[in-house]
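Protein chains in written order, with the UniProt record's numbering: chain A, 1 to 273; chain B, 1 to 275.
Treat the hints with care, since some could be wrong.
[As the list claims (entries may be wrong)] Which residues of chain A face chain B? A partial, calculated answer using Cβ under 7 Å: (1) 162; (2) 164; (3) 167; (4) 170; (5) 172; (6) 174; (7) 175; (8) 178; (9) 182; (10) 184; (11) 189; (12) 265; (13) 267; (14) 268; (15) 269.
Don't read these hints as lab results, they were simulated from the structure.
Just so you know, even glycine gets a beta-carbon here, dropped at the ideal spot from N, CA and C.
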Amino acid sequence: MRLINRYPSRAMRAALGALPFAGLLGAYAVASAIRLAENPRDKLLPSLSAMGQAMYQMGFVPDRRTGDLLLWSDTFASLERLAIGIAIAASLAIVFGAIIGILPIGRALFSPFVAAFSLIPPITILPILFIVLGLGEAAKIGLVAIGTAPLMIRSLAQGVLDIPREEIVKAETLGASTWQIATRVVFPQLWPKLITAIRLGLVPAWIFLISAEAIAATEGLGYRIFLVRRYLAMDVILPYVVWITLLAYLIDRLLAGMSRRLFAWAHLSGEAL
Amino acid sequence: MTFLTAQRIGVSYGDVPILERVDLRVEEGALVTIVGASGCGKSTFLRILLGQERATSGTIAINGVPIAAEPDAGRGIVFQRYSVFPHLTVLGNLMLPAEFEGSRVLGRLFGRRRRAAREAAEAMMDKIGLDHARDRYPAQLSGGMQQRLAIGQALLKRPRVLLLDEPFGALDPGTRRDMQAMLIDLWRETGMTVFMVTHDIQEAFHLGTRLLVFDKIRHDPQFPAAYGATITYDIPLRGQHMSPDAGAFRLDAEPAVTNAGNPFLSRATSEETQP
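Just chain B, with the same shape it has in the complex (with noise of 0.2 Å):
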């Protein structure tokens, strides 16, 4: 069954159209990768996607249910940046998804269930790689960090779709190649749906089980902003399911070391050589 459905999603802000007869069928655990030129529309139908921005007409349905006309926990996000708590530490706020949870008007647990909370967030922190840095406000980590620090806290609530904004457009492409396979890993561990906005083509052929293209259809040279966008190319791709190297990689704790002995940049790298 189709997991999420777009109909004729339309978005203007004022009179100019961003987006027009955005029609979509998603099937769960697909990792759907976005490109576009700049100004497409495909970060305004992420966000309508997120429920921050609602569409100017059309409807979309996880489930055969509309989805909540605001964020809510059922879909993460993670974006370029900004996106983690500069007041917390890396375990305070990997910590913040259970507090919100178990505590409505305080926001903090105490004793056992703080306990338990912090468990959980430091069985995170070891995934994603941070243990070392678990006292460490977000100023004071890498790009990459940051980043890594972002995706698992979004997971902690196990979201059944998580949106990704170039997430990972600000990062130097080592980083990259080390952030593209801990996201792979944790979308094969979790099976949930993914949409990833990029500016990396490359990038987007490479992680998707389908990638698709914004652009314009309609072109108007006289006036460029009569028409919007909308999806031109559906494609569907291999994606990282059967990737042979499965599981294979391990996160180092440094980027900057992780090059040598990792099986998955190794062949990354080789793919670049290639003509």
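Okay, chain A solo, but in the shape it has when bound (with noise of 0.2 Å):
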């Protein structure tokens, strides 16, 4: 049989699907134990053990300065800051998105704006957010907003304007109003696609909260491994990478399956990632 026509079983894809995990994990066992062999001092490729020594101290030993475990609180920081800043980003979408797809005026208006806007790197702006808004929370979760805003706005008009013509059209003669097109037509149809947006939005998002983590703040999972850096604790910063990329995936798989449920519709026909 062809290469092309041969598909694996359940069991199967999974152990494929586990093998360059564990290829990862085993090439770094193997060069961790090299290096400590020659040097057990070594803070470059810390053993597996002393990573797990390292996390159980972050995760369930109070900090001596503080009393709080910092691995939760800093998880916690993040995720707040996170989910506000897409929060915000998700509500501009909603309206901006609906008015660019939905009203030829309000294309006219708002598109070239926001196709400007989303060309503005913003690491460029968070200076600017930083002497308007203080080193507080605010800024860090501007920047958030700010940096995922104009990519899921754009993602949501062109969203609406995938909507076939011909549906609209129809709504019209069944005697819609523009309104009633706007509520009962194109919102219903936008809720999967804002889901969509959002987690293409995340993506950008986590890089845009560890960079102003890093450069101010007092807790968070970006401060953290920028903090432990000057100690080259390669301990904790290579499992807060692990524990940021495994939050990113969980929330990503959540969505997925929120949209799943929620808008079956939506999944009917066609396969999606």
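Once you've looked at the hints, go ahead and assemble the two chains, each given alone in its own frame, into the complex.
Shown next, in the form of structure tokens:
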């Protein structure tokens, strides 16, 4: 049988999927063992058990200075900023995406502005945000929102435009007003697209969040990584990176599952990631 | 009295004329089939009748009143595809027109009025033979079922004019014959005026009370886009008014099993086998 027609079984697929992860882990363990054999005080590639030890310290032993469990307080602080930032961006995306997508006048008014705004590198706005909003939470949340909103607005506006013109015309012949077309035809079809837009927006959102935390924060996953960098604490940095990746992955899966559950009609035809 | 009058309709996209000097008078209750080569402007003409596009010149009036410049509830439409709403079930699609009408702000009905709307939707669902698919979404329906739903949804507004843009073009022959029979039945029952663009000449002759052919009367071989199309043939047909088996057919639920015992279909099939 040709290779293109050979499909792995369920168990085989799981095994194949796990293989690259196991390979990476194995390669790290070997490299770490080699370096530690040469120099037991090597900090660059700490052993897996050393990392486990460090994470136990971060996760389950209260910090001597603040009394917090650092891993969890960092995680909570970061997720809170991420959630508020994304919520602001999503609200902007719904409002402006709908105006741009539904109304030709709205498109003429906002589309060029959003297109131009989306080309500003968000990191260059960060100093402005710190100056205007101070070094508190507002600036970090603002960066996440500003960094992801234009992308999400354009994604949703395109989502509206992708609704076949025939549907809109049909609604008109059924006696619908612009408002009714928006609320009964466009918005219900926009929600699954909003979830897709959020999933896309989360990728840059994490970048902006970590960047903002690295520059000015007192807690947060990005803050911690850049703080312990001074001590070459790879035994904290590496697990933190894995932890952030895991969080991002779980949020993405959660949103994908939510979309499938809430908007079953949108997942009936075609296959989506 | 003439129902619909089109006078010297011309359409050009930029410098390219699509239609020129289209004159047409149609009586109420006619079933006008429209054929023509691809790109001859027959769908454009339909979109102008609908109000989705505006003619560059000329006027169209229904009972002497110029038609609205945008689609409205007086003119129903069924496209070849995308004529139903993918996020609503069959029942939801059929309740939508009543909800648009009954609730300007929310677009949703509650209580007694919702029950009334549901009953009307269920009656239509029965008529178009989709009562077994009540809670299915359009993506879960076959092409023929989707088009039946689209036609039923359009008819709920009781439009005086129904516009069909190659409505059966994507269907297999058996389903198409079913759909044609259903259309004829609904047309007889409602007395509405139907305009139907089709690629299928046989269908055009078979269904229509009148056949319009769109074509270019002038042709410049050096510059094919120089002239637009117009109505070149206007043929009165017998139509399906007096069909001997009027009302005899029944639309079965599943198109695949309808051919046996369906007088309309067996007649259509036997016609095909004649030389």
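Status of each hint after checking the structure:
1. 162: violated (11 Å)
2. 164: holds (4 Å)
3. 167: holds (6 Å)
4. 170: It holds, given that the least Cβ distance between residue 170 of chain A and chain B is near 5 Å, below 7 Å.
5. 172: holds (4 Å)
6. 174: holds (4 Å)
7. 175: holds (4 Å)
8. 178: Check failed: Cβ of residue 178 of chain A comes no nearer than 10 Å to chain B, outside 7 Å.
9. 182: Violated: closest Cβ of chain B sits about 9 Å from residue 182 of chain A, beyond 7 Å.
10. 184: holds (4 Å)
11. 189: With a closest approach of 5 Å, the residue 189 of chain A hint holds.
12. 265: holds (4 Å)
13. 267: violated (9 Å)
14. 268: holds (4 Å)
15. 269: holds (5 Å)
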